[in-house]
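K.L.:
These are the residues of each chain, in order.
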Amino acid sequence: MHHLVSDPDGRVDLALAVVVWVVAAAVYLAAAQLPPPLFDPVGSAAIPKLVAVVLAFLATLIVVQRVMRGRRGRRETPALASAPAGDADPVATDAPLRPGIAAICVVILAGYTAVMTFRILGFREATVPFVILLGGVLSRFRRSTLLILVPIALALSIGFSWLFSEVLYIDLPVTRWLAP
Amino acid sequence: MIGDLGAALGYVLQPAPLFFIVLGTWLGIFVGAVPGLTGGMLISLVIPLTFYMNSTHALVLMIAMYVGSVSGGLISAMLFRMPGTPSSIMTTFDGYPLAKRQPHRALALGIGASLVGGLVAGFFLVVLSPPLSRWALQFGPWEYFTMVLMAIVLIASLSEGSMAKGLLGGFLGMLFAMPGFNESDGQLRLTFGMQQLSDGFHLLPMLLGIFVASQIIKDALEMDRRPAAVDLGAGRALVSIRQWTRHGWNLLRSSVIGTWIGILPGVGASIASMVAYGVTKNMSKTPEAFGTGCEEGVVASEAANNANVGGALIPLLTMGIPGSPIDAILLSALILHNIQPGPILFIVNGDFVWALIAAYLVANLLMFATMTVSVRLLARAVTIDRAVLLPIIFVCCVVGAYALANRIYDVWVVVAFGIIGFGLERAKVPLGPFVIGFVLEPLFEGEFRAALQISNGDIFGIVNQPIAMGFFLVAVAMLLWPLLQTRFRKPARAVDSLD
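So the sequences go chain by chain: A and B.
Quick note: the first sequence, position 84, residue 84 per this note's numbering, numbers continuous.
When you read off a place in the second sequence, starting at 1, and then add 180, the result is the number in this note's numbering.
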């Protein structure tokens with residue numbers, strides 16, 4: 001069990017299993033509250049309950065496998081083919097991952113959606129700062145990238161608004177201040 | 181059959197369909213060539229734009245994109261050691277070392293093998309589709325239920341990495357397809373008090389989230405990873421016919437492997453190229469040369485991954501069962517265009533199916549011509565700044581998801597499935613089974629319900645259905661095979677058999 005917590009892959013598997021157990025329990029309990037079927041032999045609850053049980057079993061199996069692999073000290077190997085030796089490792093690079101940037105991007109994506117949900121800004125107004133902000137964060141606000149992003153942001157904002165309202169007759173979200 | 185194909189070829193070579201095939205092939209190659217962009221992403225993004233198009237043009241466009249995206253991946257795999265698509269990973273192993281020595285020869289071998297793989301699969305697509313669809317007309321609820329079951333087990337067992345995680349992905353996908361109104365008894369289920377969930381999760385926002393938003397988050401995580409480029413220099417990406425002859429047997433074998441793996445429901449091009457690469461290496465006189473720039477490795481991988489596209493179209497067009505994750509998106513596109521997939525499609529809409537098959541063949545030829553002529557331009561496109569591309573792509577996602585039902589809730593679904601998809605990938609849970617589980621769940625549940633009704637609630641009614649029983653036994657065998665294999669080899673390791 002110690003291996004499960006000390007190994008990064010083990011921690012990921014444990015976190016996955018915990019999330020799946022919680023989801024499976026919630027689904028099973030919600031399905032259990034559904035009334036029994038009247039006409040058809042299956043009803044609404046049977047398949048969700050079955051899938052929840054299978055998911056909980058698979059999550060447990062993943063944890064058990066990880067614990068047993070840790071005990072043996074074996075390394076995971078691909079199921080069908082292994083990479084040949086030599087100059088063959090694809091996407092091998094020294095560049096570090098950027099979890100902080102990825103987290104900021106998620107916040108920006110959610111923020112863009114939120115301002116349109118609460119109609120603080122409409123699609124046309126929100127898209128320009130969104131494109132510049134997301135592209136800026138990804139490029140670390142490189143001046144050359146920002147210079148390209150500004151006209152693109154304006155084109156996307158005005159172009160899609162025009163296309164949807166005038167051609168497709170679909171109103172994209174509008175700010176509450178401009179709503180009729 | 182020949183007459184139908186000839187008529188369909190005549191149709192797709194008219195200006196409008198041909199324009200969409202050229203556009204789709206080029207966009208697919210571009211997207212395949214740029215690491216971080218995938219064919220699934222492109223086709224998901226294009227679906228909402230096709231709502232206003234003729235259905236045949238829309239599907240022809242998407243099939244050309246599919247062919248182009250699988251082929252385009254070889255450019256970045258060979259020149260930058262970064263597989264543009266997952267199906268090009270095996271190409272990287274030998275393509276990059278070979279390209280360092282002879283870049284034009286490496287590219288020519290990859291492009292030529294892609295063409296041969298695509299055409300061999302096209303032959304099987306033409307020959308097998310009509311009889312398979314006629315055979316599938318006999319299928320009833322038990323057959324469809326067991327075929328979906330077999331597809332899910334097959335996807336999981338052949339997924340890269342752990343089988344348990346493959347199965348987990350498949351069942352999670354099924355779970356996310358369940359919330360909402362249940363048609364059989366009118367019950368609302370798994371809505372957890374959220375009114376929006378009474379309509380469930382729509383297919384398109386889920387696809388945009390899983391294939392596009394999750395990729396944006398992943399790209400943000402890996403933004404600093406820059407490829408090390410090979411200098412193309414002067415020359416042309418062509419190899420003489422005489423030089424191809426020594427790869428003839430390898431080309432044919434790998435193409436057939438790719439096609440047959442494609443026909444297996446739910447198994448994608450990356451598995452096909454892995455299996456073909458492994459078989460070629462095992463049969464080679466110089467297996468030690470693999471990984472150091474071996475031409476056989478490049479040919480095997482590229483022939484198989486392109487053949488897989490054609491193979492995977494066979495179960496999609498004849499039975500409505502997706503042969504790969506991208507086929508699941510094509511299945512969704514058919515449904516969104518009000519076209520009922522399944523064996524009946526060949527009967528009620530034969531011209532449409534033959535047009536798709538003809539488009540697939542033409543797209544392969546166009547792919548070969550385009551890549552041979554514009555490889556230098558495409559090599560430059562690989563280095564395009566993703567910080568510019570990703571915001572544009574997400575804005576396209578937003579308008580695509582919103583336009584589906586005029587509600588911002590669907591944009592939240594895109595963001596949520598983006599986070600779910602990213603999390604699953606970090607936990608090494610494959611996304612292919614997730615998407616296929618989501619797409620096939622309504623069929624699975626509906627056919628199971630119908631099967632039990634015609635058997636008066638008796639689960640053992642399956643015993644009287646030989647085809648269904650065959651599918652069921654294959655599913656059980658696929659599930660148990662690894663377990664038995666390791667148990668016979670070494671009993672103590674049995675628990676790893678699902679690994």
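No lab work stands behind these hints, which were simulated from the structure alone.
Some hints here could point you the wrong way.
Claimed, not checked - For each label pair, taking beta carbons as the anchor points, the in silico distance ranges come out as:
hint : chain 1 : residue 1 : chain 2 : residue 2 : range
1    : A       : L29       : B       : I647      : 46 to 54 Å
2    : B       : D565      : A       : L163      : 40 to 48 Å
3    : B       : I599      : A       : P35       : 41 to 49 Å
4    : B       : I564      : A       : T117      : 29 to 37 Å
5    : A       : I148      : B       : I599      : 47 to 55 Å
6    : B       : L545      : A       : T117      : 16 to 24 Å
7    : A       : Q33       : B       : I599      : 24 to 32 Å
8    : B       : E363      : A       : V53       : 17 to 25 Å
Unchecked claim - Some chain B residues well away from chain A (every beta-carbon gap over 10 Å; in silico):
hint : residue
9    : F303
10   : F372
11   : R433
12   : P523
13   : F532
Just so we're clear, the structure is a prediction, and the values are computed from it rather than from any experiment.
The beta-carbon is built from N, C-alpha and C at its ideal position, and this holds for glycine as well.
K.L.:
Do the Cβ positions of D565 (chain B) and L163 (chain A) conform to the proposed distance bound of 40 to 48 Å?
P.N.:
25 Å, violated
K.L.:
Going by Cβ atoms, does F372 (chain B) stay more than 10 Å from chain A at every point?
P.N.:
6 Å, violated
K.L.:
Per the hint of 41 to 49 Å, is the separation of the Cβ atoms of I599 (chain B) and P35 (chain A) within bounds?
P.N.:
33 Å, violated
K.L.:
Checking the smallest CB distance to chain A, is R433 (chain B) really beyond 10 Å?
P.N.:
16 Å, holds
K.L.:
Please test the hint of 47 to 55 Å on the beta carbon pair from I148 (chain A) and I599 (chain B).
P.N.:
The hint (47 to 55 Å, Cβ to Cβ) is violated, given that I148 (chain A) and I599 (chain B) are roughly 28 Å apart.
K.L.:
A range of 17 to 25 Å was offered for this pair. Does it hold for the Cβ distance of E363 (chain B) and V53 (chain A)?
P.N.:
The hinted range 17 to 25 Å holds for E363 (chain B) and V53 (chain A), with Cβ atoms some 24 Å apart.
K.L.:
Could you tell me whether the CB distance from I564 (chain B) to T117 (chain A) stays inside 29 to 37 Å?
P.N.:
For I564 (chain B) and T117 (chain A) the Cβ distance comes to about 32 Å; the hint holds.
K.L.:
Non-interface claim for F532 (chain B): all C-beta distances to chain A beyond 10 Å?
P.N.:
Label holds. Min Cβ-Cβ 25 Å, cutoff 10 Å.
K.L.:
Can you tell me whether the CB distance of Q33 (chain A) to I599 (chain B) sits inside 24 to 32 Å?
P.N.:
Distance hint for Q33 (chain A), I599 (chain B) holds at roughly 28 Å.
K.L.:
Return holds or violated for the Cβ distance of L545 (chain B) and T117 (chain A) against the range 16 to 24 Å.
P.N.:
47 Å, violated
K.L.:
Beyond 10 Å on every Cβ pair: is that true for P523 (chain B) relative to chain A?
P.N.:
24 Å, holds
K.L.:
Measuring from beta carbon to beta carbon, are L29 (chain A) and I647 (chain B) in 46 to 54 Å?
P.N.:
Violated: the Cβ-Cβ distance is about 38 Å, outside 46 to 54 Å.
Hint check: violations occur at hints 1, 2, 3, 5, 6, 10; the rest are consistent with the structure.
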